[in-house]
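As they're listed, the protein sequences go chains A and B. In our numbering, each number is its position in the first sequence, counted from 1, plus 267. In our numbering, each number is its position in the second sequence, counted from 1, plus 9.
Watch out, some of these pointers could steer you wrong.
To be verified - Straight-line C-alpha distance at most 30 Å; calculated DSSO-like pairs for lysine-lysine:
hint : chain 1 : residue 1 : chain 2 : residue 2
1    : B       : 41        : A       : 359
2    : A       : 410       : B       : 351
3    : A       : 430       : A       : 410
4    : B       : 351       : A       : 409
5    : A       : 409       : A       : 449
6    : B       : 164       : B       : 13
7    : B       : 351       : A       : 449
8    : A       : 388       : B       : 208
9    : B       : 287       : B       : 13
10   : A       : 388       : A       : 430
11   : A       : 430       : A       : 409
12   : A       : 410       : A       : 449
13   : A       : 359       : B       : 164
14   : B       : 287       : B       : 41
15   : B       : 351       : A       : 388
16   : B       : 164       : A       : 388
No lab work stands behind these hints: they were computed from the structure. This one's a predicted model, so the numbers in the text were calculated from it and none came from an experiment.
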Amino acid sequence: MTVTAVSLESEILAALDTVADPELDQPITELGFVRSVSIADDGVTVHLRLPTAFCSPNFAYLMASDAYDALRALDGIGEVRVLLDDHHDSDKINEGLAAEAGYVGTFGGEAEESLDELRTKFLRKAHTAAMERCVSALMRRKKLGPNEIHQLTLRDLPDGREKSALLRRRFALGLSMCPNSKVVVGDDGHPLPDEAVPMRLRFARSVRISMEGNAHFCRGLLATRYDDGGVATPQFTNTRTRSSR
Amino acid sequence: MYTKDGNSYFIVDGHVHIWDGREANLRNVHGKQFIDCFYDYHRNLSPEDVVWDYDTYTYYGGERLMRDLFVDGYVDHAIFQATLLSDFYINGFGQTEEAFGLAQRHPDKLTYNHAYDPRNGEAGLAQLRRDAERMNLQGVKLYTAEWHGDSRGYKLDEPWSRRYLEECIELGIRNIHVHKGPTIRPLDRDAFDVADIDKVATDYLELNFIVEHVGLPRLEDFCWIATQESNVYGGLAVAIPFIHTRPRYFAQIIGELLYWIGEDKILFASDYALWTPKWLVEKFVDFQIPEDMLGEYAPITVDQKRKILGLNAAALYDIDVPAELRLATPGQDTVDVAAGAKEAVPL
Chain A
268 MTVTAVSLES EILAALDTVA DPELDQPITE LGFVRSVSIA DDGVTVHLRL PTAFCSPNFA
328 YLMASDAYDA LRALDGIGEV RVLLDDHHDS DKINEGLAAE AGYVGTFGGE AEESLDELRT
388 KFLRKAHTAA MERCVSALMR RKKLGPNEIH QLTLRDLPDG REKSALLRRR FALGLSMCPN
448 SKVVVGDDGH PLPDEAVPMR LRFARSVRIS MEGNAHFCRG LLATRYDDGG VATPQFTNTR
508 TRSSR
Chain B
10 MYTKDGNSYF IVDGHVHIWD GREANLRNVH GKQFIDCFYD YHRNLSPEDV VWDYDTYTYY
70 GGERLMRDLF VDGYVDHAIF QATLLSDFYI NGFGQTEEAF GLAQRHPDKL TYNHAYDPRN
130 GEAGLAQLRR DAERMNLQGV KLYTAEWHGD SRGYKLDEPW SRRYLEECIE LGIRNIHVHK
190 GPTIRPLDRD AFDVADIDKV ATDYLELNFI VEHVGLPRLE DFCWIATQES NVYGGLAVAI
250 PFIHTRPRYF AQIIGELLYW IGEDKILFAS DYALWTPKWL VEKFVDFQIP EDMLGEYAPI
310 TVDQKRKILG LNAAALYDID VPAELRLATP GQDTVDVAAG AKEAVPL
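My request is simple: use the sequences and hints to build the entire structure.
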């Protein structure tokens, strides 16, 4: 195996790391949804798998097409083939991706415009959950009550994983990144009246719990379905003979 | 009935099935995918010692059901929820006649809820009238993601669905059990969205809407609409097995439900044979919010457990509860409005 090939493998993995399950807000690589990656002279084939044959076809398509787009952006990768295994819409989605038919072309009469609104809806949920994690952690640490959090700004949050996650979600939604911005905001990014903040946080907790619960289901069912203890690492094979990409 | 520590509980299992997922009944690959998906849920979330082998799981029949529910499972009354899936199975997935026949033989123990599909139009309405009379229906179970020819789902607030709901009112069918699924047209939207339940619950106050699986995977959206509507209930099927695999997570689910929708509107269900009721009842009675979460959630009381395990469903279905198993002071313990519903204002 050449040095170049190793680096192509890690580039592929890094590209797939950027693809998230919109419902769970976690990368498909960590969730174990990437079954295998094979690198050949003419290109790369990635097989994806999901926890059930009946996972939502719209989300399945989003993940598969995001993976396709992420891989296509890599220099010298060759032809990209993304195949979704064992799903009730596998044939439809795989044919659509291979033909670069797009969402509407893939689903025909079942599609209307695009999946943009769906994507935004789940980005908002992801932001709401990330906001709750940051605020609840700070409330526990500083013994703050729900009526004391309306003035919290981004600069009040300690640096760390939770804050970075919140900032990433805010960036994705185009919300203010200014350190003086309020942390607890509505879906539109605007601050709320002080008295509405505790209920916003209360609802945000439900969003966070719901998303975490779905992740428990998905990880558990995937591990049971494929009987591999939920091993997240995709199987790599590399038969590429050319060293330069 | 289940008794523990001097407390007795009347048990109503709000969601049970007799299905046939055997190979001979599969219409296509989706039938196989569907029963396999159920089996994965069963294997993943059941305690190891109550996991069935695959062949038993695909078909178990009425005798086994009677034993698992009423002999071993502490259940006093159970409600069949029909799951037709005619596009996947030759003779349907849920076994209508077998379940209905069993309910006729044991009316004190079993209630049969049938299903309809509003995409069947006028012919389906006529069928619903015949079914309601023959089966003396009190409830129906609707799977909004059911495949039907070219269609892979519908919304409850579509015109034909409204006509069926209005027919239910006419026919005395009061309880509408709703199970959301992954497909709907257009695929642009979230198929699990519960906004359509919100609309019809507002418009048809004569009906009770029992949202199966407490709206999972959209627990938060379900909680939010349930606070606004007095006639929306939550069925615990599929959520409650977390009590074994992830008890701390279950504490958060039940804590959220008690806060948002309240103790009067949560219904126990095993989703038999996805899971068997025996261990679910035992673990739920033993369950308590972990000490370190008591800042967020109040402890669950014995009377709250009584309501959830049976008394709430008994009230919805007029099931007679022996005097000694009712609450000490019925009515006085009823919580009309959940805490979250009192405080919630649209954001």
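Comparing the hints with the structure gives:
1. 41/B x 359/A: Holds. Residue 41/B to residue 359/A sits at ~18 Å (cutoff 30 Å).
2. 410/A x 351/B: 25 Å, holds
3. 430/A x 410/A: Satisfied, since the Cα-Cα distance of roughly 19 Å is no more than 30 Å.
4. 351/B x 409/A: Holds, because 28 Å separates the two Cα atoms, which is no more than 30 Å.
5. 409/A x 449/A: 18 Å, holds
6. 164/B x 13/B: 43 Å, violated
7. 351/B x 449/A: 26 Å, holds
8. 388/A x 208/B: 20 Å, holds
9. 287/B x 13/B: 13 Å, holds
10. 388/A x 430/A: 21 Å, holds
11. 430/A x 409/A: Cα-Cα ~16 Å, so holds.
12. 410/A x 449/A: 19 Å, holds
13. 359/A x 164/B: 24 Å, holds
14. 287/B x 41/B: 28 Å, holds
15. 351/B x 388/A: 26 Å, holds
16. 164/B x 388/A: Holds. Residue 164/B to residue 388/A sits at ~19 Å (cutoff 30 Å).
The structure fails to meet hint 6 from the earlier list, while all remaining hints are met.
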